[in-house]
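Enquirer: Let's have the full structure, built from the sequences with the hints guiding it.
Each residue of the sequence shown is one higher than the one before, counting from 2 in the working numbering.
What the hints contain is simulated information worked out from the structure, not anything from laboratory work. From a predicted model like this one, the values you see are computed outputs, not experimental measurements. Treat the hints with care, as some may be off.
Below, simulated DSBU-like cross-link-like pairs (lysine-lysine); rule was C-alpha separation at most 30 Å, straight line [stated by the list, open to error]:
hint: 1; residue 1: Lys47; residue 2: Lys186
hint: 2; residue 1: Lys36; residue 2: Lys77
hint: 3; residue 1: Lys227; residue 2: Lys240
hint: 4; residue 1: Lys240; residue 2: Lys262
hint: 5; residue 1: Lys262; residue 2: Lys246
hint: 6; residue 1: Lys122; residue 2: Lys189
hint: 7; residue 1: Lys230; residue 2: Lys186
hint: 8; residue 1: Lys77; residue 2: Lys97
hint: 9; residue 1: Lys77; residue 2: Lys122
hint: 10; residue 1: Lys47; residue 2: Lys201
hint: 11; residue 1: Lys133; residue 2: Lys189
hint: 12; residue 1: Lys47; residue 2: Lys100
hint: 13; residue 1: Lys183; residue 2: Lys201
hint: 14; residue 1: Lys133; residue 2: Lys100
hint: 15; residue 1: Lys227; residue 2: Lys186
hint: 16; residue 1: Lys122; residue 2: Lys201
hint: 17; residue 1: Lys260; residue 2: Lys186
hint: 18; residue 1: Lys240; residue 2: Lys268
hint: 19; residue 1: Lys189; residue 2: Lys35
hint: 20; residue 1: Lys122; residue 2: Lys97
hint: 21; residue 1: Lys47; residue 2: Lys122
hint: 22; residue 1: Lys260; residue 2: Lys189
hint: 23; residue 1: Lys246; residue 2: Lys201
hint: 24; residue 1: Lys189; residue 2: Lys227
hint: 25; residue 1: Lys230; residue 2: Lys183
hint: 26; residue 1: Lys201; residue 2: Lys189
hint: 27; residue 1: Lys201; residue 2: Lys262
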Amino acid sequence: MTLHKHLIFLFIFIFSSIKIVTAQGISGNGNVIKKERPVSAFTSIKTSNGWDLELTQGNSHTLVIEADENLVDLVKTEIQGNTLIIHSEANINRSKMRKIHLTFVEVNTIEASGGADVVAKNDIQSGDFSIKCSGGSDLSLAQLSCDHFDGQFSGGSDANIGFSACNAADIIARGGSDLLIKEIKAEKLTLDLMGGSDAKLMGQVENLELNGAGGSDVSATNLEVKMAKIYLAGASDGKFNILDKLDLSLSGGSDFECKGKPELTHKDICRSCDVRM
Numbered sequence: 002m003t004l005h006k007h008l009i010f011l012f013i014f015i016f017s018s019i020k021i022v023t024a025q026g027i028s029g030n031g032n033v034i035k036k037e038r039p040v041s042a043f044t045s046i047k048t049s050n051g052w053d054l055e056l057t058q059g060n061s062h063t064l065v066i067e068a069d070e071n072l073v074d075l076v077k078t079e080i081q082g083n084t085l086i087i088h089s090e091a092n093i094n095r096s097k098m099r100k101i102h103l104t105f106v107e108v109n110t111i112e113a114s115g116g117a118d119v120v121a122k123n124d125i126q127s128g129d130f131s132i133k134c135s136g137g138s139d140l141s142l143a144q145l146s147c148d149h150f151d152g153q154f155s156g157g158s159d160a161n162i163g164f165s166a167c168n169a170a171d172i173i174a175r176g177g178s179d180l181l182i183k184e185i186k187a188e189k190l191t192l193d194l195m196g197g198s199d200a201k202l203m204g205q206v207e208n209l210e211l212n213g214a215g216g217s218d219v220s221a222t223n224l225e226v227k228m229a230k231i232y233l234a235g236a237s238d239g240k241f242n243i244l245d246k247l248d249l250s251l252s253g254g255s256d257f258e259c260k261g262k263p264e265l266t267h268k269d270i271c272r273s274c275d276v277r278m
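Expert: Rendered as structure tokens:
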């Protein structure tokens, strides 16, 4: 075997070994510390790689990392335009803590992926507020006050949202993502549920448009609705409280139950479906 071939095989071996070590990742040492980093103003946040966010609205912008000591320097925090991006280049196997404490003046967009959870224990106020969670990233907002809410949840990402004020909300949940919507008072709520995603709704809305498919279930007897357009398909079930008018379509063995007595303005119901009013 020539020297040239020896060098090629040696290079392949070293490169493969590096890839294996990188794939195996790093484990936290269990010694949790806090470290503050300087951060400039931002109105949008993106977090990934399991770095959780704890949000507080205030009069300034601060960023504090709370994590295993040997993981603190692995988290990357950078501003691109108006967006704060949080991620880690190294693969982290296990950690006792992986959290970013953020204080901000105003935020209108949040994107979380890869098991990164977002929590706000205090009131968050915004004009238009948009959030996208994927890959098992969960959202918990104690109180949200906004003009318009746009939420997208996928891949088993769950949401628990309490509204103190909201004029309109558009929410999509797919892939087994579950929703708990509390205290909403809105002119219009649009909700799309797919792939076994469930929703529990509480509050008051003037208009409700809801599409449920693929075994998605809705519990909304504690949501007072004046006018509703409901479509359930693929063995999806729903329980509602509708007062004035109802447009109802059911297919694929879906069940509908309503404790109000609305005027049925339109109905399209297959034989395998069950309706109780």
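Enquirer: Just to be careful, I want the Cα atoms of Lys47 and Lys122 compared with a cutoff of 30 Å; is the pair within it?
Expert: Satisfied, since the Cα-Cα distance of roughly 19 Å is no more than 30 Å.
Enquirer: Mind checking the alpha carbons of Lys122 and Lys201 for me, to see if they're no more than 30 Å apart?
Expert: Since the Cα atoms of Lys122 and Lys201 sit roughly 20 Å apart, the hinted pair holds (cutoff 30 Å).
Enquirer: Would you mind confirming whether the straight-line C-alpha gap from Lys260 to Lys189 stays at or under 30 Å?
Expert: holds, 20 Å
Enquirer: Taking only the CA atoms, is the gap from Lys47 to Lys186 under or equal to 30 Å?
Expert: holds, 28 Å
Enquirer: So if I understand the rule, the pair passes when the alpha-carbon distance is 30 Å or less; does Lys189 with Lys227 pass?
Expert: Answer holds: Lys189 to Lys227 is near 10 Å, not above 30 Å.
Enquirer: Take a quick look at whether Lys47 and Lys100 sit within 30 Å of each other, Cα to Cα.
Expert: holds, 14 Å
Enquirer: Is it true that the CA of Lys47 sits at most 30 Å from the CA of Lys201?
Expert: holds, 27 Å
Enquirer: Would you check the hint for Lys36 and Lys77, treating anything up to 30 Å between C-alpha atoms as holding?
Expert: holds, 13 Å
Enquirer: Would you mind confirming whether the straight-line C-alpha gap from Lys201 to Lys262 stays at or under 30 Å?
Expert: Roughly 21 Å between the alpha carbons, so the hint for Lys201 and Lys262 holds.
Enquirer: If you draw a straight line from the CA of Lys201 to the CA of Lys189, is it 30 Å or shorter?
Expert: Distance ~16 Å between Lys201 and Lys189 Cα, so the pair holds.
Enquirer: Has the given pair, Lys122 with Lys97, been kept, meaning a C-alpha gap of at most 30 Å?
Expert: With a Cα-Cα distance of about 21 Å, the restraint between Lys122 and Lys97 holds, given a limit of 30 Å.
Enquirer: Between the alpha carbons of Lys240 and Lys262, is the straight-line distance 30 Å or under?
Expert: Within the cut-off at roughly 13 Å; holds.
Checked against the numbered hints above, the structure violates only hint 19.
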